Amino acid sequence: MMSELLESPYFGISLSILAYALGTALNRKLRTPACNPLLIAIVLVLGVLLVFRIPYEAYNAGGEIISLFLAPATACLAVGIYSKRAILKQYWLPILVGSATGSLTSMASVYGMCRLFGLEDALTASLLPKSVTTPIAVSIAESAGGMAPITVVAVIVTGILGAILAPAMIRLFGIQDPVAAGLAIGACSHAVGTSKAVEIGEIEGAMSGLAIGVCGVMTVVLSLLLF
Amino acid sequence: MKIIKQVGILFGICWISLAVEAVLPIPLPASVTGLVLLLLCLASGLIKIHHIQEKADFLLGNMAFFFVPAGVSIIRYFDVLRSAAIPIGVICLVTTVLTFGATAWSVQLTVRLMKKRERKQTGK
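Those protein sequences? They're chains A and B, same order as listed.
Just so you know, we're using the working numbering here: the first sequence kicks off at 4 and counts up by one.
Just so you know, we're using the working numbering here: the second sequence kicks off at 706 and counts up by one.
Don't take every hint at face value.
Residues of chain B placed beyond 12 Å of chain A at every Cβ, according to the derived structure [what the hints assert, rightly or not]: (1) M706; (2) K707; (3) V728; (4) K760; (5) K825; (6) Q826; (7) T827.
Cross-link-like lysine-lysine pairs, in silico, DSS-like; alpha carbons within 27 Å at most [stated by the list, open to error]: (8) A:K92 - B:K710; (9) A:K32 - B:K710; (10) B:K707 - A:K92; (11) B:K707 - B:K753.
Quick caveat, the hints were computed from the structure, so don't treat them as lab data.
On a predicted model such as this, the values are computed, not experimentally measured, just so you know.
C-beta atoms are modelled at their ideal positions from N, C-alpha and C, and glycine is treated no differently.
Generate the whole structure from the sequences, applying the supplied hints.
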């Protein structure tokens, strides 16, 4: 009787929403990027599954339905790019140069360090696209033979690091131009970093948001050339 | 009915993207094809922002939530993660700082060169 109830998709969906709601509430209360709502939600769901010995397959009956929304959500990144087309037109050259440099640096440095640590190929493929937004990173990792869940975790960790370190990195590299700071935050730490960029300034926020989409597409193009 | 139509438009685009993915010889992910298709539709005026506004806000505003199941599936990869957690952490930290620096400097350089050219042109 109980296992039948757990295998209903309603269980996985409700558990995910509850965990995410708790994560969002905690994030609002503590106001620090370290308390990322997604990270808290994942840890909470994992905790429930492990403590009550609920099989992953039972949870995933609902999980699959939530994942169905990933593709339309990715497509909607186009709305963000389109609505910022005025800034895009004005700064198209720096945006293009910055996104290309950022995407290339990220992939090259990840590849180099994976080799340095002697990580296996599947793990390297999972980490390669970690600087771009999750849906694009997951698609790239999967088509390169990586493990999607590892990519998801690496993307979140990278985003949180970028958001926490952004002000320090602006000082470290002596960046005065808000356009440069915004694009750099978006290029290295996608949407999580952008949430910090919005706090730093309006131009920084807009540029960071734009970099999410442009770097994402740029990284796809680079990965097509590499694999 | 309004929201149903918006869901229809976006899910339709995703379905067409799957078809494109099956036909294309390059492994371009279907979700990225969807992004490009939607951008083309918006730019050409075939779809107006208000045709998809509410649904897009819903999806973009809750983007992170849709990744909860993908993250939870890490339960199947605990062994890999346990053995490589430290290298993964170090890689994430170092490459994030490198990517920030390279992007910021390349943008500052480009903006500076653009301003120089502008000054030259207006100086003539």
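Cross-check of the supplied hints:
Against chain A, the non-interface label of M706 of chain B holds: every CB pair exceeds 12 Å, the least being about 18 Å. At roughly 16 Å, the least C-beta separation between K707 of chain B and chain A is larger than 12 Å, which holds for a residue marked as non-interface. Remark: the non-interface label on V728 of chain B is consistent with the geometry, its nearest Cβ contact in chain A lying 16 Å away (cut-off 12 Å). A cut-off of 12 Å between C-beta atoms contradicts the statement that K760 of chain B is not in contact with chain A; the least separation is 8 Å.
Distance check for K825 of chain B against chain A: the nearest CB is about 16 Å away, which clears 12 Å, and the non-interface claim stands. For Q826 of chain B, the requirement that its beta carbon stay farther than 12 Å from each beta carbon of chain A is met, with the minimum near 15 Å. With a least CB separation of 17 Å from chain A, T827 of chain B remains clear of the 12 Å interface cut-off, as annotated. For the hint pairing K92 of chain A with K710 of chain B, the CA-to-CA distance comes to about 31 Å; that exceeds 27 Å, so the pair is violated.
For the hint pairing K32 of chain A with K710 of chain B, the CA-to-CA distance comes to about 37 Å; that exceeds 27 Å, so the pair is violated. Our distance criterion of 27 Å between C-alpha atoms is broken by K707 of chain B and K92 of chain A, whose separation comes to about 32 Å. Our distance criterion of 27 Å between C-alpha atoms is met by K707 of chain B and K753 of chain B, whose separation comes to about 14 Å.
Checked against the numbered hints given earlier, the structure breaks hints 4, 8, 9, 10 and satisfies all the rest.
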